[in-house]
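Single-letter residue listing:
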Amino acid sequence: MSWYNIGTLNDLVLNSGICAQVNNQQVAVFYIPDDEQSVFAISNFDPIGKANVLARGIVGSLQKNLVVASPLYKQHFCLKTGQCLEAETIRVPVYQTKVEQDQVFISCQPVLAAS
Amino acid sequence: MPQKILVIGNGMVGHHFVEQMRSCDEHAQITVLCGEANLAYDRVYLSSVFNGKTAADLALTTHENYQNLNITVHTSQWVEHIDVTQKQLVTADGTHFDYDKLVLATGSYPFVPPIKGNDQSHCLVYRTLEDLEKIKACANDSKVGVVIGGGLLGLEAANALKQLGLDTHVVEFAPQLMAVQLDQQGGKLLRNKIAELGVSVHTGKATSEIVAGEQCRYRLNFADGSHLETDLVLFSAGIRPYDNLGNKAGLTLGERGGIVINNACQTSDKDIFAIGECALWDKKLFGLVAPGYNMARVAASQLSGGDLQFNGADMSTKLKLLGVEVGSIGDAHGITANAKELIYQDPIRDCYKKIVLNEAGDKLLGAVLVGDTSDYDTLLQYMLNDMTLPEHPECLILPDSAGAPTLSSSALPDSATICSCHNVCKSDIITAIDNGANELSAVKTCTKASTGCGGCTALLKSVVDAELAERGVEVNNHLCEHFAYSRQELLHLVKVEKIKTFAELLKRHGEGHGCEICKPAVGSILASTWNDYILEEQHVGLQDTNDTYLANMQKDGSYSVVPRIAGGEVTADKLIVLGEVAKEFNLYCKVTGGQRIDLFGARLEQLPVIWEKLIAAGFETGHAYGKSLRTVKSCVGSTWCRYGVQDSVGQAIAIEDRYKGLRSPHKIKMAVSGCTRECAEAQSKDIGIIATENGWNLYVCGNGGMRPRHADLFATDLDTPTLIAYIDRILMFYVNTADKLQRTSVWLENLDGGLDYLRQVVIEDSLGICAELEQQMAYITDTYACEWLRTIEDPNAVKRFRQFVNSPDADENIVFVQERNQIRPATEAEKSTLKYTQQRPIAVTEITQEQEDVLV
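Protein chains in written order, with the numbering used here: chain A, 1 to 115; chain B, 1 to 856.
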């Protein structure tokens, strides 16, 4: 897997999202230090609202899923799988993440997440 | 062995029986023989087919549905003969069917009066979907149509002809329309109203023959020597029960037809039941769907070991005929001994209402309503439940009379029938809600209430709303799954425990990570209480995107910018700056309803630059993005206006300056009018102020928008310091006690004690909290700071306004095209076309004619 360094943890916003450009793709990156994984990355494109806005949604949890609510029409997307909780057939691409010495890396291509 | 149940007829009642039977007995072997080609459909709304509805829209069921219920159905099967000894029947095509129990739901057929010439090609009846097809075909080569029969069905049929564009007439033998349901006065008004709609009504006319016409296809000759020409005749002169099968089988019939049944809906043969319009109970036929459904339930109960009984039915009815509202309840004609009548007749609003009372005047026996049936539900409940009338029963039919007690859900007994079609009473609805139906549609699905004629829709909603509201307060005012507290409780916790961050509140009183419901609500509570800068690191994740970026997100992810223009007053210099900024950044300009200017199409990274220029010109944030004070609209007031009595603009500016930045459970709008002409529309605002000769009148809790509410007059002739003190207290009381996202209008409606209570709290200080409320407000106003000023001064905050954390690029998906000399977001189709023709799609592009052609 090839990785892309988008910056440091300092560039992320606590319990919220930012957007990074990775390989010409818009990736929404969320920083939730309470969770084991702590950094999550999904596509920034909201397939329902058809705009690049998911990084600007509110993050939280529904039941056990960590989710972001689209700021346009409030559908929830699971941060781990990209699955839209309101529409079974809709799933946004998910990227792998890793943090090494405060540097944040995103996989250059979306990965197939286990559902 | 499961019992073999055979049903003849698949009209509305036959279908209802099948469903009921299946739900009572899942093993019974049910077979349905349906004479028509279509399975059961909604005959009540038949004429809507001419209004664009299709047969499928009217269908009550489908073959798949019957298959799922394990019910065998044969369509276009006419039964020829029933052999009651062999318990067997044979159809027209010779097929034999056995039964253990037989249910006759054969319905009725339209009565065609024995008039000479009634069997010609364009003489039709109005009953089935097939009849409609024939009517449609005949209407094609017709200009004039006559309905013979001025009863309920006749007027429905007239509606159908009118929908087909025919010059429509109604001929009625009786001296008035709807003689069964209406009294003479009511009938007269109905006639006038229908005539106004372009339908000619001829009452007291007995048609003696239909002969060839001179201008039209036919001529109707009447007994009194007059005549009427028409191309098409539609008979709707009543119905007759389809009882010939019962007759041939030797079942007992009534003198004038109808298969006699007992209270168990059983005919003279114990294994044969009859329901609906073919059945005669206590010498009465029932031509409405509700009693038919009732019989269907009784028969299903009896056939599955139950003991439900049919005890007659209420024939009250409410409907809209040709657009005219008509209602008839119980003893409409006042034939009960010593009945008394109260009549309200309004020739201006063109309505007629009559209630029939018992001798003592404390019980309702019947009613007639023409032109306005808004009182129908209430009146019907009084009659059906034998409830004692209010002291002055006339208030039940007087328009908007102050004393009219609204029959609230809580006043109804649990046994009150809400939906008569499906026999759903209030207790059924309560049970459904207790079992988890937590909204109107769910209650409808599981009780079927309001899915028949629909007449009880409003009543059902009020009962459901009231019940839910009751529970809402008791059991589910929790903010969301993360906090088992209401907004008000959380606010108290924040204050008492001096909690300053969401994380702290979640740790102490919540669970999980929060969500888009609780985070902004808590953000708002923290802001109302501590008035911290909302983009501090610990608060930023709580805000909706609009608050995070201090602008309003539009559908394509771009933002709009709205600087504050207090009171709608703006200098020429400031207007020029707005114009210059809009021009520089190529923003779309629109004047808002709140008297300011909205600039659309700003990209995220442009927002701080735009605001730097606006702030340099003396603008400040307008909070158009926040749940906070939006605008204080004003008329021009006494300064310029010939009629104004106070300086409404000056007052509006002062008030907007005072409350700007106040974070609240929902947005707040205000207005100040300079005189009683009310040009600022203050009575549709949360806080409305109207100038008087002596000071200011204060209105509260109005609303426009989706659910308009007229504001209530709170206090009159106030001087400015008192006015401000009252508004301080009202707003802070609202902030402290409202639910999440609750506008002041709903807040007041849900406040126990309502307006009077609010007056006690605010004017008389009944809770002793006025000083505290004012102090809280003083803290908020003293600590006000323009959020945009703070943001552009803080490099760390400005950093957030970038599309990409790691690149200066802009979002290529935001694309504009020109329309009416300004930009607008490109549609998806336009975007895909532009992709191939453009290097940098962010720049604004004029669509060329060539591209237009491609797009179309």
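Take these hints with a grain of salt, some might be off.
Unchecked claim - Computed footprint of chain B on chain A, listed as stretches where at least three residues anywhere in the stretch have a Cβ under 8 Å from a Cβ of chain B:
(1) 46-56
(2) 62-74
(3) 81-91
No lab work stands behind these hints: they were computed from the structure. Heads up, the beta-carbon is just placed ideally off N, CA and C, and yes, glycines get one too.
Results for each hint:
no.: 1; hint: 46-56; in the structure: holds (count 6)
no.: 2; hint: 62-74; in the structure: holds (count 8)
no.: 3; hint: 81-91; in the structure: violated (count 0)
Of the hints listed earlier, the one the structure fails to meet is number 3.
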